[in-house]
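**Q** Take a look at the letters that make up each chain.
Number of protein chains: 2
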Amino acid sequence: MDISTAYKDNNYKIHVARNILENRLNTYTEQYESVYYIIDENVYDIYKDTKLSFIKSPLVVTEGESFKYVSPLMHTMEELLAAGIKRNSLLVVIGGGATGDAGGFIASIVLRGVDYIHVPTTLLAHDSAIGGKTAINSEHGKNLIGAFYRPKAVIYDLEFLDSLPRAEVLSGFGEVYKHAMLNSPELSEELVNITADSIDVDELPAFIIKGIETKMKIVIEDEHESGSRKFLNLGHTLAHAVEYKYKIPHGQAVMLGIIAALYISNELNGTDFNIGNHIDYMRRHGYPVNLLKEMDIDEMMQLMMKDKKNHRNDYISYIVFKDQNTPEVMDIKIENLKKILAALKERI
Amino acid sequence: MDISTAYKDNNYKIHVARNILENRLNTYTEQYESVYYIIDENVYDIYKDTKLSFIKSPLVVTEGESFKYVSPLMHTMEELLAAGIKRNSLLVVIGGGATGDAGGFIASIVLRGVDYIHVPTTLLAHDSAIGGKTAINSEHGKNLIGAFYRPKAVIYDLEFLDSLPRAEVLSGFGEVYKHAMLNSPELSEELVNITADSIDVDELPAFIIKGIETKMKIVIEDEHESGSRKFLNLGHTLAHAVEYKYKIPHGQAVMLGIIAALYISNELNGTDFNIGNHIDYMRRHGYPVNLLKEMDIDEMMQLMMKDKKNHRNDYISYIVFKDQNTPEVMDIKIENLKKILAALKERI
Ligand SMILES: NC(=O)c1ccc[n+]([C@@H]2O[C@H](COP(=O)([O-])OP(=O)(O)OC[C@H]3O[C@@H](n4cnc5c(N)ncnc54)[C@H](O)[C@@H]3O)[C@@H](O)[C@H]2O)c1
Ligand SMILES: NC(=O)c1ccc[n+]([C@@H]2O[C@H](COP(=O)([O-])OP(=O)(O)OC[C@H]3O[C@@H](n4cnc5c(N)ncnc54)[C@H](O)[C@@H]3O)[C@@H](O)[C@H]2O)c1
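Going down the list, the sequences are from chains A and B.
Residue numbers are given in UniProt numbering: position 152 of the first sequence equals residue 152, and the series is strictly consecutive.
Residue numbers are given in UniProt numbering: position 229 of the second sequence equals residue 229, and the series is strictly consecutive.
For reference, chain A alone in the conformation it holds in the complex (with noise of 0.2 angstroms):
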């Protein structure tokens, strides 16, 4: 399955299927003079033998989000200045969302911009296929530094899903489930239906290729967070003290956020979001739910109310549903989610 991002210029095809990395990468490399790989560590170890051997000496890079720092990123590019890289190369980047977003910024500024492409190897990553950001962290917070900078194409090959670590399915899975609800309550229900017993990374293409639409309709809506790709964020507001706190996967945290989004719409917006259902269902599935029960309220409004995100004082920016189909975000009063926060806490 190919899918075409609809941005006004500078468009680039998604493709998503098994087994596809050699011959589709195959359609791009001989358009270029040269080609360098980045690839993260894991994968390289997995699968070097294998769906990877075909790549003569890549620069295999620290694993995951430890690649996203200024001194690791540097190393890489001057490996990549020092191997002759030229204006007219192409940049291959092989790896989860971290990778992506590390390696995509190194493409964005070496010699002012090259060509690259990213591989996705993590569920997650179906997040990161559109959007246009790259981005290391600072020591001020993550994502801090880095720029817009479209790749040449993404080639998903569904196949690395398969080595996977249940943690890190569990997370990628979040995002899934968040642009299922953010397009419609008739595909978060599928969604939930063929996932009712466990979640099988077989049975989620299609979810996979909704939810990378999804999120390009979103983003196209609104090149530049200034208006509904504030939606992108539903579940996260909650989901970024949770994750700073307990140091849980980023999706996983997100499936958290969610519960309170929704618990959140019904209190404010009398939507009648089954809260009962989600929280049993993400159990099932082995979310870590308690820390709703767990959290200290005080001090997740405290790391809230760090959020860029905020722009009012004693308000804070929450995305929440105006009824089952039409996110929105609301400003909601520090008393007032404090309180909502307090009883979602009782109900877990």
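Just so you know, not all the hints are guaranteed correct.
Heads up, the list lumps identical chains together, so a pair's fine if it works in one copy or across two of them.
Derived EDC-like pairs: lysine to aspartate or glutamate, alpha-carbon spacing no greater than 20 angstroms straight-line [claimed, not checked]: (1) K142 x E79; (2) K133 x D115; (3) K247 x D296; (4) K306 x E33; (5) K86 x E139; (6) K306 x E79; (7) K86 x D314; (8) K217 x E186; (9) K339 x D314; (10) K142 x E78; (11) K339 x E294; (12) K306 x E78; (13) K56 x E22; (14) K133 x D222; (15) K51 x D162; (16) K142 x D200; (17) K56 x D202.
Derived by calculation from the structure, the hints in this document are not laboratory data.
On a predicted model such as this, the values are computed, not experimentally measured, just so you know.
Since chain A is already given, all that's left is putting chain B with the ligands on it; use the hints.
**A** Just chain B with the ligands now, kept in the frame of chain A:
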């Protein structure tokens, strides 16, 4: 005098005049929630109690080229983040081309891009007012890491030039001269006449403005350096080698490179530039013309061959004149170029 860029979009104004900084800046800063200043230490030392006294808590950065490296750059970026820079903040960068290059690069990547204004304080920096290039240096060479990122405005307050050291005046004048040559024989002649006895920056504003306009015309014809933008490298092929070897300021090396380019044009294209006059003129103003006599031709060739603009083996791309009016890119056989430069050496 205000020049407006003529891109398809994201245009900006270049304000050129004496004593305009504070007033002009005010018309921009009021549109932003907060404003941060990056200022070259030498410039700040000279003007902190006068022109720059209106600025509270600037980030004063290491002088000129020494700022164009990852480590001082990151230090300043973290300072900006610590100070609470937001997406809707404005960054004002005050200094020469080097401070502008690194400060513009910071603006392009902090929070994935904030608006910035460059306030050039050198003669050479008229060259960076157009083109949208920002960059820092790599271990492997100058300007290898950067971004194309346009300022919101350039405020070129010519009063800063009063304190410019003589060597920097000569350097900046090299690019003024180059732009005049790329513009027309008439403009070059006028420039040579007005500077026959001495190079007085007070007499240059009209030529600075013409220089900016000439560069703009070329850059807009060719935004991504495939065609006519290469003409801006007039004098630069040999200059880079001379500059690297003898550590003289960039624009002074460009002047020597222009002599070589004119000599080559005479030899290969039958133009009749008066080399003797050019040499006399440059000597009179203190350009180190004798380096053209001292230089080891094999060594210069080696350095030129490393130049990233070369694409054919055994050839060096050189900007020459087809006739007095028309620059062109010529691929010159290495053996041939060696002979011509050896003959030029004899003539000095
Ligand atoms: N740019 C965007 O739009 C965007 C969107 C979402 C997330 N992100 C970023 O993505 C990052 C999270 O991405 P992620 O969850 O993919 O994490 P990740 O890239 O950190 O990978 C998680 C772990 O899984 C390992 N791994 C990757 N692929 C594997 C495979 N096929 N088999 C076995 N192990 C594998 C990695 O080595 C790592 O240890 C964050 O830094 C986040 O900021 C960016
Ligand atoms: N982006 C572009 O398009 C572009 C174009 C041309 C040059 N550049 C870059 O610009 C740099 C050279 O610029 P530059 O020649 O302006 O040098 P610079 O910024 O290094 O400044 C030269 C010296 O003059 C000092 N100085 C600056 N302004 C002064 C003033 N008003 N009074 C007294 N001292 C002052 C500086 O502290 C420094 O020591 C190079 O790094 C080059 O790559 C970029």
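**Q** Next, verify each hint and record whether it holds.
**A** Okay, the hints, checked on the actual structure:
no., hint, in the structure
1, K142 x E79, "between (25 angstroms within a copy, 16 angstroms between copies)"
2, K133 x D115, "both (15 angstroms within a copy, 18 angstroms between copies)"
3, K247 x D296, "within (15 angstroms within a copy, 61 angstroms between copies)"
4, K306 x E33, "between (46 angstroms within a copy, 18 angstroms between copies)"
5, K86 x E139, "between (31 angstroms within a copy, 16 angstroms between copies)"
6, K306 x E79, "between (36 angstroms within a copy, 17 angstroms between copies)"
7, K86 x D314, "between (50 angstroms within a copy, 18 angstroms between copies)"
8, K217 x E186, "within (17 angstroms within a copy, 55 angstroms between copies)"
9, K339 x D314, "within (14 angstroms within a copy, 75 angstroms between copies)"
10, K142 x E78, "between (23 angstroms within a copy, 12 angstroms between copies)"
11, K339 x E294, "within (16 angstroms within a copy, 81 angstroms between copies)"
12, K306 x E78, "between (35 angstroms within a copy, 17 angstroms between copies)"
13, K56 x E22, "within (13 angstroms within a copy, 56 angstroms between copies)"
14, K133 x D222, "within (14 angstroms within a copy, 27 angstroms between copies)"
15, K51 x D162, "within (12 angstroms within a copy, 64 angstroms between copies)"
16, K142 x D200, "neither (30 angstroms within a copy, 50 angstroms between copies)"
17, K56 x D202, "neither (30 angstroms within a copy, 59 angstroms between copies)"
Consistency note: the structure conflicts with the earlier hints numbered 16 and 17.
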